[in-house]
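Let's have the full structure, built from the sequences with the hints guiding it.
My numbering puts the first residue of the sequence shown at 1, with every later residue one more than the last.
Heads up, some of the hints might be wrong.
Said to hold, decoys possible - When the alpha-carbon atoms are kept at most 27 Å apart in a straight line, the in silico DSS-like pairs for lysine-lysine are as follows:
id, residue 1, residue 2
1, K255, K215
2, K77, K47
3, K247, K216
4, K355, K398
5, K370, K399
6, K370, K407
7, K306, K370
8, K355, K307
9, K346, K398
10, K255, K224
11, K407, K342
12, K276, K223
13, K355, K309
14, K247, K215
15, K318, K303
16, K407, K306
17, K179, K224
18, K307, K346
19, K318, K307
20, K96, K64
Hint data in this document are derived by calculation from the structure and do not stem from the laboratory.
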Amino acid sequence: MNEENKNQKIEWGLPSIGIPSEVLFNPFLTHTEKMLFGFIRNMSMTKKGCWASNKYLGALLGVKSQTISNGVANLKKYAYVKVIFEGDKKLTQEKKRRIFINNDYQNLYRSLVEEFHEVYNKADETLLIKLGGAINELIYGYKITNSKDVIKDEIKISNELDIAKLTSTKLLEPEIFNKETQIAYSYWLSFKNTPNHRASKVRNEALKDLDLFIKKYDLRTVKKAMNVYNSLLENPFIMITKNAPFKIGLNEFFKWGKYSKSSLSKWKDNPVANIKSWFDVCLLGTEEAERIMTKISKDDNPKITKKLKKEFDNRIEKIRNPEPRDENAFISTSRYIIEFLKTNNKFLRIDAVEKRNPVLFVPYLYDYLKDNQNGNKQHPGWFTNDYFYDNFPVWMIKKGHMTESRKVKRR
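So, in structure tokens, the structure goes:
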């Protein structure tokens, strides 16, 4: 340790820990990293920042130097600290690391703290005592509605605001929106299927629309509509593509953009061409949105589809009022049978006639279904989910109908 470090160590003495709520409640930090922040904040009360080495900090926390190195990197990743190296980069021995606290972290994680306080204040005190790990319950809830990607996106906003201060570029700061708008924005980002535009101008326009519609309706209604839209993208029954104007960012959820408007003219036979906006459709609820958005696919294998329906009526139950999505499921399954026989023909140990005739192969699917009901009600879409695609070949091998299998490409 050089003379400068020795002097600073003596000047500040043994550091104490103070962990702010913005750090304490972050579910993506370890307990060690939270304590590490407390030490760093204490030791960075100089213009030169925190001087302590990984070894020194490790000794205070009782962990290895590598753990400290990883911890500093994670604190930097989540925008709690900024790290600067001084000296010759080629000469590792001469480099000095300086760690500074990012003064913007309180604004960055303000919504997190407010959310925790709101939930905590509503909770019954005796219940919290009984739970013991009540804070973990709150953290679990936060993890459900927020992902690492959500926090990363908010950090990017924070970084852009820092740059804006230096370049005098006018950006719409997220904190000028009310809390409900920020919650709804995070909720949108939490869906894996909903894209998000990184461009600040586009995102800010989307936030303006979001703010406007929350005031016009309410947070619960807007979040419910978002959830319906996400379910449409996830639902295998909805035969729509994953491209614009179907899969859109928040900036086009409430109104169409120029590109999507021009794309709509190509989809005259598709229900999406007739809607005012995705928000308007999703306001109607999941069932009605599915009815509007479901489109019957072209059936290239009508004989197989007919056999699938007949077997379903005889062996499961008769569908009195078939929905378009049921029809799509049967059509999709008929395609699967064709591909399955083509891909795995040489591995099959069944009658040659059944190999050649897909219609005669249909009963195998229902035999599998019978062995895997598990008391659940069956519907045509059961043949289109991942569980079926993964386990049907396994069942065929187990029953001696196949020796091995090759994965079938979904169509």
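_Checking one constraint from the list: CA of K346 to CA of K398, max 27 Å. Satisfied?_
holds, 17 Å
*Could you grab the alpha-carbon distance between K247 and K216 and see if it respects the 27 Å cut-off?*
holds, 24 Å
_Holds or violated: K407 and K306, Cα atoms, limit 27 Å._
Status holds; Cα separation ~25 Å.
*Are K355 and K398 close enough, with their CA atoms no more than 27 Å apart?*
holds, 18 Å
*Are K318 and K303 close enough, with their CA atoms no more than 27 Å apart?*
holds, 18 Å
*Within 27 Å, alpha carbon to alpha carbon, are K407 and K342?*
Within the cut-off at roughly 11 Å; holds.
*Hey, K307 versus K346, does the alpha-carbon distance stay inside 27 Å?*
holds, 24 Å
*Is the hinted pair K255 and K224 satisfied, with a Cα-Cα distance of at most 27 Å?*
Cα-Cα ~17 Å, so holds.
*Compare the distance between the alpha carbons of K77 and K47 with 27 Å, and conclude whether the hinted pair is satisfied.*
Holds, at roughly 22 Å.
*Is K370 close enough to K399, meaning Cα to Cα at most 27 Å?*
holds, 13 Å
*Mind checking the alpha carbons of K370 and K407 for me, to see if they're no more than 27 Å apart?*
At roughly 22 Å apart (the allowed maximum being 27 Å), K407 and K370 satisfy the hint.
_Tell me if the straight-line CA distance from K96 to K64 falls inside 27 Å._
holds, 20 Å
Of the hints listed earlier, there is not a single one the structure fails to meet.
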